[in-house]
Amino acid sequence: MVALAPPQAYSQAGDRRHLGRALAIWLGLLLIAVSLLSLGHGASGVSASAVMGDWLAGRDLSATDRVVLFDIRLPRLLTAVLVGAALAVSGAVMQGLFRNPLADPGLLGVSAGASLGAIAAIVLGGLLPPAVAAFAGWHLVPLAAFAGSWLAMVALYAIATRQGRTSVATMLLAGIALAAMIAAVSGLMIYRADDDQLRDLTFWGLGSLAGASWTKLSAAGPVIILALVAAPFLARGLNGLALGEAAAAHVGLRVQRIKAACILSAAAATGASVAISGGIGFVGIVVPHLLRLIAGPDHRWLLINSGLLGASVLIAADMISRSVVAPAELPIGIVTAMIGGPFFMWVLLSNRRVLDA
Amino acid sequence: MSLRARSLHLSLGGRQVLNGIGLTARPGHFSAIIGPNGSGKTTLLRALTGEIAPQGGTITLNGQPIDRLAPETLARRRAVLPQHSALGFSFNVAEIVSIGLATHVGTEAERARLIRAALGLVGLPGHAGRLWQELSGGEQQRVQLARALVQVWQPVGSDGPRWLLLDEPVSSLDIAQQLTVMRLARDYATRGGGVIAVMHDLNLTAMFADHVLLMQDGRALAEGRPADVITDDLLSRAYGCALRVRHAPEDGVWLLPHGAVA
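Protein chains in written order, with the numbering used here: chain A, 1 to 357; chain B, 1 to 262.
Honestly, the hints are just simulated from the structure, not real lab data.
Incorrect hints may have been included.
Said to hold, decoys possible - In silico negatives: residues of chain A with every beta carbon more than 10 Å from chain B:
| no. | residue |
| --- | --- |
| 1 | 35 |
| 2 | 56 |
| 3 | 59 |
| 4 | 126 |
| 5 | 154 |
| 6 | 180 |
| 7 | 236 |
| 8 | 243 |
What the hints assert, rightly or not - Just some of the chain A residues that point at chain B, by a computed CB distance under 10 Å:
| no. | residue |
| --- | --- |
| 9 | 53 |
| 10 | 54 |
| 11 | 55 |
| 12 | 57 |
| 13 | 99 |
| 14 | 155 |
| 15 | 158 |
| 16 | 190 |
| 17 | 292 |
| 18 | 342 |
| 19 | 347 |
The structure presented is a predicted model; accordingly, all values stated were derived computationally and were not measured.
Even glycine gets a Cβ: it sits at the ideal position worked out from N, Cα and C.
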């Protein structure tokens, strides 16, 4: 086995990074395993191992196999990977920024902002000059969702933070109020939508990976990938911010720049993932919390591990959503809430001491 | 080469907190800022750290205006111990101290050695793996001090003296720990660094400071050697109650009984 056991001297020195590193290796292996399982799992009965055997033996793949694997299951798998990682990482970034383990894009109206952006793009997109609409094309919905989540995030931070101190009560209340106001505007948009737009909205709003396609992936994927690649560079800054903005500035961090980058990357990841898959809750709050309990809050591994575990969790949730009522599908948001809600409650109750401090 | 503030003016929320105050702190000296609550001590220190910009006046660090220094440069030259520290997550002691090394360029082994040495200095050797939420108030304060110490570990660098800016560094400590921390700060100054501390304890100030600034209503009531500033008259005026200063000649310690004791 790889050297996963920590050198004893390290752990005595209070260094928990070996835990984070070991965890990253295991989570990487888990992601590969879950991905292979997901590829071989589906309504059509096409088996990944059989296809792999055929391919290794040099036989041509049947047209059905090819379509099922490469046009249905693979884009869906990649969507689950990107969306799961985006939700978990943006949760971890937001929690670091607000210095609070309860901050979550889904709870605080950031996902709602993204939804509003997407809905507005679907309903009002026709009003854009044709040249602009053609130029934006498939990117219009993800971009609008990103703009919506960014605005919500900036508003939330501005309201909840006074002189470098973020009030938890203000943050939660402002988030709830923001989500309600945004939902009302979204409702207005839906109210004035025509039949075609309503079909688009319903299709999009299911909170599901069922609509995954290469086209959607190519529109939202790059935004998510950019945000995910940027996130680990925020680790040092987020660690400093844990001491408060003033102390972070004292140790030489460029606080304003770090905050702006955090807001941008969390908003981009949330916006783009909401644009392809609707609102999927609890991944962003449960995954980072669980990882903090295991390997501590040091963001240098927390962000990477959140991405890995978030991806695995969403792939697993997608497999459950496809198999419980097969051949029909349960919206994946229901699965993550059913499993994530009680789990999160359990985590909260068993860690009240740490959270209250 | 000094940390120098000239005629600082600052109002917060409509109240004039700093009213033309100045301070010259020299390397090799322990400079104490004393005065009653609300006299502007903490605000002056926050201005000296660069955290808040005064509306008037200048602050120079080793000859350069602090508002022109890059955050990384400023961090290499001065470290700050705030009065209170809150932490959102359960970081452990070593992780918190390592935040002081955010802009440090050096090997992992060097960082680990600095963290170990600093924890030893503040009297917390072997506490590296403990979680912040499990620490007592005094331990938390000393962990933060260790975090400040690793940031400016060498009292004198190639670009001049380094500075420790401490806001009530002994407020949650018992008497033995107070002496440990004061000696540590004193030693930092003796080795060529500069120390500026906001102090509430006048005895400790009299024992350890080389230079004292007595503040009242955002102004300097007096500035100079402890013997010149810590006097019956000045302290009674500043704090608004009768105070007597007694000198214990054998060890040079000053005692401050209340006026009622006479």
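Should the interface hint for residue 342 (chain A) be scored as holding, given a Cβ-Cβ cut-off of 10 Å against chain B? Because about 23 Å separates residue 342 (chain A) from the closest Cβ in chain B, which is outside the 10 Å limit, the hint is violated.
Supplied contact hint for residue 54 (chain A), tested at 10 Å Cβ to chain B: With a minimum Cβ separation of about 49 Å from chain B (threshold 10 Å), the hint on residue 54 (chain A) is violated.
Taking the least C-beta to C-beta distance, is residue 57 (chain A) closer than 10 Å to chain B? Result: violated, 49 Å to nearest chain B Cβ.
Does residue 243 (chain A) really sit off the interface, with its C-beta more than 10 Å from all C-beta atoms of chain B? It is violated; residue 243 (chain A) is separated from chain B by about 6 Å at its closest Cβ, not greater than 10 Å.
Identify whether the interface hint at residue 190 (chain A) stands, where standing means a beta carbon of chain B within less than 10 Å of its own. 37 Å, violated
Report holds if the minimum CB distance from residue 56 (chain A) to chain B is greater than 10 Å, and violated otherwise. Residue 56 (chain A) is indeed farther than 10 Å from all Cβ atoms of chain B, at 44 Å.
Should the hint that residue 158 (chain A) touches chain B count as held when the rule is a Cβ pair under 10 Å? Cβ of residue 158 (chain A) sits 19 Å from chain B, so the hint is violated.
Hold the hint about residue 155 (chain A) up to the distance rule: shortest CB distance to chain B must be less than 10 Å. It is violated, given that the least Cβ distance between residue 155 (chain A) and chain B is near 21 Å, above 10 Å.
At 10 Å, judged by beta carbons, does residue 35 (chain A) keep clear of chain B as stated? 30 Å, holds
Claimed clearance of chain B by residue 180 (chain A), with the beta carbon kept past 10 Å: 26 Å, holds
For the restraint on residue 55 (chain A), tell me whether the closest CB of chain B is nearer than 10 Å. 44 Å, violated
Are all beta-carbon distances from residue 126 (chain A) to chain B longer than 10 Å? For residue 126 (chain A), whose nearest Cβ neighbour in chain B is about 45 Å away, the distance exceeds 10 Å, so it holds.
Against the hints set out earlier in the document, violations occur for numbers 7, 8, 9, 10, 11, 12, 14, 15, 16, 18 and 19.
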